[in-house]
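Listed below are the residues making up each chain.
Number of protein chains: 2
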Amino acid sequence: MNEPNIDAIMQVGLGFWASKTLLSAIEMEVFTELAKHPEDLDTLQGRLGLHPRSARDFLDALVALRFLQRVDGRYSNTSSTDAFLDKRKPSYVGGILEMANRRLYSFWGNLTIALRTGELQNEAKGGGSNFFAALYAEPETLKGFLKAMTGLSTGVNRLIASRFPWKNYRTATDVGTAQGDLIVQVALANPHISGIGFDLAEVAPTFEDYVAANGLASRVAFRAGSFFDEDLPKADVIMMGHILHDWNLEEKKVLVRKAFKAIPDGGALIVYDSIIDDDRSQNAFGLLMSLNMLIETTGGFDYTGADCVGWMKEAGFRETRVEHLLGPDSMVVGIK
Amino acid sequence: MNEPNIDAIMQVGLGFWASKTLLSAIEMEVFTELAKHPEDLDTLQGRLGLHPRSARDFLDALVALRFLQRVDGRYSNTSSTDAFLDKRKPSYVGGILEMANRRLYSFWGNLTIALRTGELQNEAKGGGSNFFAALYAEPETLKGFLKAMTGLSTGVNRLIASRFPWKNYRTATDVGTAQGDLIVQVALANPHISGIGFDLAEVAPTFEDYVAANGLASRVAFRAGSFFDEDLPKADVIMMGHILHDWNLEEKKVLVRKAFKAIPDGGALIVYDSIIDDDRSQNAFGLLMSLNMLIETTGGFDYTGADCVGWMKEAGFRETRVEHLLGPDSMVVGIK
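So the sequences go chain by chain: A and B.
The numbering used here numbers the first residue of the first sequence as -19 and each following residue consecutively.
The numbering used here numbers the first residue of the second sequence as -19 and each following residue consecutively.
No lab work stands behind these hints, which were simulated from the structure alone.
These numbers come from a predicted model, not from an experiment.
Heads up, the list lumps identical chains together, so a pair's fine if it works in one copy or across two of them.
Taking lysine to aspartate or glutamate pairs in the DMTMM-like style, the calculated list, with each CA pair at most 20 Å apart, reads:
(1) Lys233 - Glu299
(2) Lys238 - Asp209
(3) Lys316 - Glu299
(4) Lys241 - Glu294
(5) Lys233 - Glu294
(6) Lys67 - Asp(-13)
(7) Lys69 - Asp(-13)
(8) Lys67 - Glu78
Work out the full structure: start from the sequences and follow the hints.
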């Protein structure tokens, strides 16, 4: 890979311009509006509530960034933004970016402070409550967050559902299940699997709606509990998707040991995250996600496949493997 | 060009992570420190004042983003970051990014408000004073800004100095000269040219230091004045680099007319900016720069080559051409 020249330095250094432009477009529902039909500048400006000074530059910037098309003066979505950024489609992944726009963009403004102090920079800054406590206390915010997590994870969840050798197993527990998409995708692709989504009680309504909407109420159930205060629900396979990176080293090891305890001999633990390459020099997204854990949590961090394999070996797993999934995400599988 | 898939959507949407990471690295002088010699994690962490929780992820993220290298546990600059982001080198371009980190990152957090209201979102928000008035009132801030502008422009300035047919002309005025790099580069490359840097009186000390340091005091002089309140100093060639985009349509036309008045028949006006392609669908940086003018000014905007040619024709220029320079920047030349 080539190193950055002066253009690349400027492009990344001012990269927040393009980033915030896309985030504002999602916030203003540009793509949801254009999913109905292409529109000209005047109509779109009126419907979105854009000021005449800024409307054309904003929309044309989205064209030049390849998030919109413009043909004969009429703007339309690209096929990707139509699929992924139209709020009314189930394939919408904008939830995580709405959250980034509403919260993370400004919290990351304090990155230098976080780098100097090692302290989180989100709502919990200076106070006693942590991010998850604040999040779970507010039903609407929580629901938004849980859906956002689904948007971020569903591609990977489908891969795990199809690629993992599910024929060797009958039951699975999804730890920190959120809306339940991982266990839902596994159950949809593998009719012989029944499963449990394990998360705090506040998650139940969102989880149960989603499971019912996928016609899986007979095979997929919710179990309320804290994965630190209680044993994990026993199953052939324990799964943790985008969970382990939220916690500090000791907490990570506790979770891996609890998973070991909850599965039978021959059972499996599947951990996935934006797992960093062992040399820590390639997966920029995974390393930046770890800085996001610095901003969001008291001790969380992302980790390499070798790190996770080490914790699994220490807990007693006899066999492990690291498999790349999609984009920045990989999974680590441990067999007891 | 391919349209974004889900990865591209996430990469741009969360692009402020990489952007802010680079900006914090510049703020913390990572590259200036490593320009001295490569250093291991512990040494670098101590010297930069990084917290142990974040140091390794931060530095390895910079490695994965190709702004640093790591060999046998020792971090070093790439040749580009060594040249362009070491504060002690004259080739340092980080000033503009220091300014982006200190000001623009948070102002851009209000992009949606700017898009809805058409109103600027910087220090001048809600108040009477504009950005330039605030800037010029504070000598140290002003000096930093003027140097930052040089970093951003010097590559383009050198191109104009070598590529424009200077042999046909003897004098030049650089309007809104700032530190004076454009007229300095032109005078350095063309010993027969003498020139004037025209800007507000507060700029004089910074300009005169820079001209003297380049050994040009005998051929390049400063003229104090406002380009709206006064006539432009007469010359064979009038130049405006990264100036026209700061102003609204009527002000832009005034400046083009004033340039026409200040040159003889056969004289030239050179305007450069991140000029947008005529179809407004390719130069994303130019369109985003125009949104930056929305954030920073009351009426400024970037424009296409055709727009600028139109204003020049209207002012009476008989011949015009648009030439790409470097990266996002092009120049428009008008001949009287």
